[in-house]
Every structure is written in structure tokens, then in C-alpha cells.
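Undergrad: Now for the letters of each chain:
2 protein chains.
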Amino acid sequence: MTDIERQGMSAKKAASVLMTAGTTVKNAALCAIAKALEDGEQEILEANEKDMALAKESGMRPALLDRLRLDSKRIRAMADGVREVAALRDPVGRVLSMEKRPNGLLIGRKTVPLGVIAIIYEARPNVTVDAAVLCLKAGNAVILRGGKEAFYSNNALTNIMRRAIREAGLPEDCVSLVQDTSRQSVNDILSLTGYVDVLIPRGGAGLIRHVVENAKVPVIQTGVGNCHVYMEKTADLDMAASIIYNAKCSRPSVCNAAETLLVDEDIAEAFLPKAKALLDQKNTELRGCDKTRAILGESVVPATEEDYYTEFGDYILAVKVVSGLDEAIAHINKYGSSHSEAIVTENYTAAQRFLDEIDAAAVYVNASTRFTDGGEFGMGAEIGISTQKMHARGPMGLEQLTTTKFIIYGNGQVRV
Amino acid sequence: MTDIERQGMSAKKAASVLMTAGTTVKNAALCAIAKALEDGEQEILEANEKDMALAKESGMRPALLDRLRLDSKRIRAMADGVREVAALRDPVGRVLSMEKRPNGLLIGRKTVPLGVIAIIYEARPNVTVDAAVLCLKAGNAVILRGGKEAFYSNNALTNIMRRAIREAGLPEDCVSLVQDTSRQSVNDILSLTGYVDVLIPRGGAGLIRHVVENAKVPVIQTGVGNCHVYMEKTADLDMAASIIYNAKCSRPSVCNAAETLLVDEDIAEAFLPKAKALLDQKNTELRGCDKTRAILGESVVPATEEDYYTEFGDYILAVKVVSGLDEAIAHINKYGSSHSEAIVTENYTAAQRFLDEIDAAAVYVNASTRFTDGGEFGMGAEIGISTQKMHARGPMGLEQLTTTKFIIYGNGQVRV
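Order-wise, the sequence lines are chains H and A.
Each residue of the first sequence is one higher than the one before, starting from 1237 at the first, in the working numbering.
Each residue of the second sequence is one higher than the one before, starting from 1237 at the first, in the working numbering.
Don't take each hint at face value.
Remember, identical chains collapse to one label, so a pair may be satisfied in a single copy or spanning two.
[Claimed, not checked] Pairs of lysine-lysine, DSSO-like flavour, derived with a Cα cap of 30 Å:
#  : residue 1 : residue 2
1  : 1249      : 1271
2  : 1248      : 1384
3  : 1469      : 1346
4  : 1452      : 1384
5  : 1336      : 1527
6  : 1452      : 1249
7  : 1292      : 1518
8  : 1452      : 1570
9  : 1452      : 1248
10 : 1249      : 1346
In short, the hints are calculated from the structure, not lab data.
Chain H with its partners taken away, still in its complex shape:
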């Protein structure tokens, strides 16, 4: 038996205890984790310094260094986040429906934990805590496999959580960290059938594709967001400009940021300069079709076919002038990643057709794509945004970390 199989088995054993743990015990463990994180600040900061020193040595980019860095404020924010999860309603044990059948059987559907969840993620050490506590609250054991850049930080955080969980009376193996951070360890996790009920990869498109194509365990695909905003010809132009500016520029690195602007040809001349004036505030690079360049001039880079498929994750926006709603819908369903798509319009039928015909996790009328988020949707914290159709689609909160079982009360019924 390999190390990772042993870890899978320990997690499964812990999950069987956690499966029937009451809300009070789980919340006590979460509160203990929050306090332990605050009390363990020194231990965490020392570990994080080791990671930071190695990362600087290896020449990590400043933006990534910043994501890796922990300080007092970030540790307090983590602890507060844990307390927020403790305050959320327990998603386990709800009977969603219960019905008496003609033969007298009382058949109900009850929410129960998934079991063991594995999470593969990259640089940010706060994911270690966020993911662990969401899984724990939903009654699942979690196997964490973080990036090697955050190795010492992730270990410090995990050890602190494990001690707190044990002291609260639950098995410490509810949370564990894979010690091997080689590429091979990802593949080992993909093959942990019999131990891992669901695997959630969080990271770049390359990681996610590798996981989806090679996993033998069930996977929930997250995160790739090639989102569009389409300005229909009846759009309020001020609203339209403010929405594309927000969708592109409020946080360009995240998955719900817009990557392509589609504009109806009837309003292109009036709208594009208005939008550009706002986008210029952040020096947004525009990559446009011929019609866009005819209106906005040569400063607009010519867009390639590839640009329309790209999640830039930066102050870059592809722009295309379209002939109307049909072309906009066809474009989005062809190039999009089924994450978040928006139309700006004052036309009722256009709005309803867009909502019906766009095949995506979240479809908006007259609002920014940036709202696709567990907190904004009122679900509380989230573990990621699913871009697949099975099990969960869109932001995944606690509810999406559970499954159901049928419970049946009889009085001797046999099937005829």
C-alpha cells in the first residue's frame, strides 16, 4: 500500500465518523480551528517565511509572491472566514421530501455528506483553510494537495487544523495534506477509486484538463471562464458602458471577468467610443474585428480567431461587432466556456431569448458577469465555480458538497 492509499484509507475512516457527527460537534471543531489559527500566528508566519524565501530565490513573479504571502491581517481574515462557515446552516440531514406511496411505504430523500473530497490547488495557502472547513461543515473528510510553493505554509495550517479537530473530539484525519508535491502525486490522487468520492481541481486550465482527462474518480470541473457581455441594439448605453467596465476591469484575473465584448452593429458607432473612454482608464488593450477598428481606429489590435477563445485574465478585451441577437448567441455558444454570460438590453424578447438559448452556468440580463460567486448569490462561502453540468453547476456552496440518500419506512411491505 502506497502513502497516498494509506492517506485515502485514513480519510475514509474519518469520513465514516464525520458522516454522523452532529452540527454542534462540527461547529465546535470549526470554532476551535478559528481560534487555533489566531493562536498559531507565529508558527504560520515562520512557515510562510520559508516558502517566501524559496519563492524569491526561484524568481517568482511579484503578483504570485503576493498571493503566497501571509501576514497577521490575512490570518485574522482566514479565522473570520472559518467563523462565517460555522454560522452557516448545516446542509446535512435535511429531508428534502417525504411521501406516502399507495402501498404505505413512506419514502423520503435526505441530504448526506459525499464522503471523501480531494482538492488539488495551486499557490494560495488560504485555500487550504477555506476548502477544509467547507468540507468539514458538510460532513466530508478532505484530502488536500496544494502546490509545492506553499508547502511549509500549507503544512503549518493543516497541522493547526488537525490539532483543533482532535481536541474538539473528531478524527484529525478529517483533514490531511498530501506531502508529495510532485506531478506524480496528482496522478496518484486521480486513481484513488474506492477512497475518493469527488475530486475538485482548482487552478489553471492546464491542470483542470489534465485532471478531467485522466481521473478515474468522479471530478467536478471548475473555473475556466471565457465570459461575454453582449450589447443588444436597444441597450441603455450608459448602463452598457458601466457594465462592461465593471465586468472587465473590476478584477480581471478572476474567472467571472469578461473577456469579449459583443456589440450590435446598430449601436456600435455610438457605443464603442463611450466604452473605450472607460476602459482606457485602466489602459485596457482592445483586440477588435475590422468593424471595431473602423470605428475606434488603428490603436485597436486586430483580433484573431484564437483571441475569441482566450481567457486573458488581464486588462485585455476582445471586441466584435455582430449583426444581432442570433449572431451573438451563436458566437457565445461557440467560443464561450459556459461560465457567465450577459446581455444588456431594453427589449423583453431579446432578454428572454438570451436567458433561454445561452447554455451557461449563469446567464444575466442587465448586470455584470462579476456577480457569479457563492457570496453574491446568497449561498455563503463557496469551494469553486463548476463549469460542468453534472452534480453542481455554477458556484458551489455547502449544499453542493452533499448528496442524498433515500430513506424508506415500511411495515412489512414486499413487492408483488
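Got chain H; can you put chain A on it based on the hints?
TA: Chain A in isolation, oriented as in the chain H frame:
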């Protein structure tokens, strides 16, 4: 582009039309299919005769020959089944919840089709029709890959359905049959990422394992049922005997039939002879532990460790005397396949603990495991019984062939 990729692309195109098709159109197509099946009886029977002749030549077992055989009565039953699906409520387009957020966004969750569903199945040609119409009603295109034994029958049925669908005004590619019945064609389907949204294998344990381990597309695992009935010490012995007789003998070949009987040691001596008297009516072979054999005698075959893992699918039952509830739960969670599990008891706490601690799709108190079925659960027809935890667990009806999307109505909201 290979044949199967072309088929995937055609199905995807059909699915995009079907996605927004109304209930009236879909039901008209279903009624047209029902009528076309009845009208096409001669065509179906001729094709089936070819399959039967080839099967007899190749020495197929009589039980399998019977599953392959079609006649007037079975064709009428198929057509009736299609009309029953037409009568079910459309699972698509329901808004499950809709809520106003503090910022004025109106956020709802709406049921939508999954897209393209692929189904890999074995001998019975009626699955061709059952699966196709369930997928169609839920707004999904379906790619069918049946066994080579039913090649001619499946083609006749598919051609009839395609004609009826086209005449009803929907794309005929909503339903298509893979023409290559080699093992390689299974592997081709497993790799149809970008075209297939969900793959459902229906068949033996070997097929299902192969699919789960090698699929790059999302899979819903179905069917393997190693089910238990546990007689707790307070059980009503007459009820207990009638339940194990029903669970084992009413239809031993199906996945919700019981394979192992667990008996509390306190009632073993009183109960086992009573159960055996009933099971003997079907000449059920018992494979028991030492304690069972001490009570029932040498006619009981000694049970091996392997027997407790086995889905016999026949008049064979493993029997084990256990020390009580804890051992019964541990046994089931170790050897079971998380399908359907039952306890017979008059003790309140034992019943509730069994419901809580058994990790299975359906958990019963005082009823036969044989009820795990879409019809019996009031869901209407089903496409299979999921034994995995993601997306769907237990019988899968129309609702389980849909996913959701978030629809958001705004009036200019941007994220701050």
C-alpha cells in the same frame, strides 16, 4: 474526423434545437414514436428474427435469447411505455427558486437539459426505446450504443424513432445508434469530450468498471447491487421471513435483489429454519457461516469471503449470523455496493441508527429491497439506478436527466 465524432457533432447540433423545444412538440414526437412502433411491427419483427437466428447459431443461452426476443405483445408494451413517458410532467424549465438579493438582482435557478447523453448497454432491445424517449422528454439528444447481439433490432427501432421525430418537426439526430459494435467503439465514446455531456453505462460489472476507469467524459455509474437484509433481534419473525423471501426470490436477476442475509445471533435459531422453509420453495442455495451451518445443517454450503462480495443474480443467498447492529452495519458498509439495504426490527433506535449509518442509495426499515425502482418510488420511468454519489443517487427519472442554470435579472448592477 471519425464516424463517431461526426455522430457526436450531429447529436450536439440536435441537442441545441431540442434544448429550447416546448413540451407540446416533444410530446407530439413521443406520441408519433409510439404509433410508429406499432405501425412498424413487421419491420421490427423481421429485424429481430435476424438477430435471433444469429444468436441461436452462436449458441446463446435460453435466458438471454428470451431477453433478445421481440413479439407483438412486447412491441405494444414498448409503445405503451412511450405514451407513459409522454404523460409525465416535463422536467425542463421549472424555476426551482428565485430570490431578490439586497442589491436588487433577482437570481433564480432553472432546470435545463443536460445536452447530449450517451448510453452503452447490452442485450435487451427495449432499452433502445426506453432510453431514447426518456432522454428526448428531458430535452436531451441521445447516442445509443447497443450490443452486437441486438444490432438489427436496434437499428429497426432507431430508424422508426428517427422518422417519427423528423415528422414531428424535430431533428432526427436527437436519437442515433452507433453502427460499430466492436469493443473499440466503446472506447471511442469514452473519449467524446466536447460532444457528450454525460455517459450512462448499463450492463454487467465488467462493462461498468471499464467505463468508469477509462472515460474522459462524465459518467453516471449504475446498477451493481450487492444488497443485504439484516434481521435485528427484535424483528417480527414472520415479517422477516416474508421480506427475505421477497428480496431474494421475487426476481433474483435484478440489482435490487438481496444477496446476503444477516441475522442477529439472539434470533438465529428461531428465524433461520423459518426463512429456509420459504427459500426452499425456490430451491435457493444457501452459503452460510459456521453458526448458520450449525443451525441449518450440512446442506448449507460454507460461505467464503468472496461470497459476501458477490452479486449472485440467481437463487443463491449468503447467510451470516452477527453479534448485533454494530457488526451488521460494519459488514454492510464493508461488503455492500451502496445500492439498497434493509433492516427488519421493532426497535426504534436500531431503525434510526441503520438509516443514519448505512451509506447507500436506498435504506429500508421493514420493507423489501426490491422497491428500489423509479416506478415504485413514484418518479415514473427510470433510465437506471445510480450507485454513485455525484449528480444522481438511486433511481434516475426525468429530473435526473436535467441540470440547472442560474438566471439573473438586473437593472444595471455592477459589483463593487
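Undergrad: Next step is simple, just say for each hint if it's right about the structure.
TA: Verification of the supplied hints:
no. : hint         : result
1   : 1249 to 1271 : within (26 Å within a copy, 54 Å between copies)
2   : 1248 to 1384 : within (25 Å within a copy, 40 Å between copies)
3   : 1469 to 1346 : between (48 Å within a copy, 27 Å between copies)
4   : 1452 to 1384 : both (24 Å within a copy, 27 Å between copies)
5   : 1336 to 1527 : neither (63 Å within a copy, 39 Å between copies)
6   : 1452 to 1249 : both (21 Å within a copy, 29 Å between copies)
7   : 1292 to 1518 : within (28 Å within a copy, 75 Å between copies)
8   : 1452 to 1570 : both (29 Å within a copy, 21 Å between copies)
9   : 1452 to 1248 : both (17 Å within a copy, 25 Å between copies)
10  : 1249 to 1346 : within (22 Å within a copy, 37 Å between copies)
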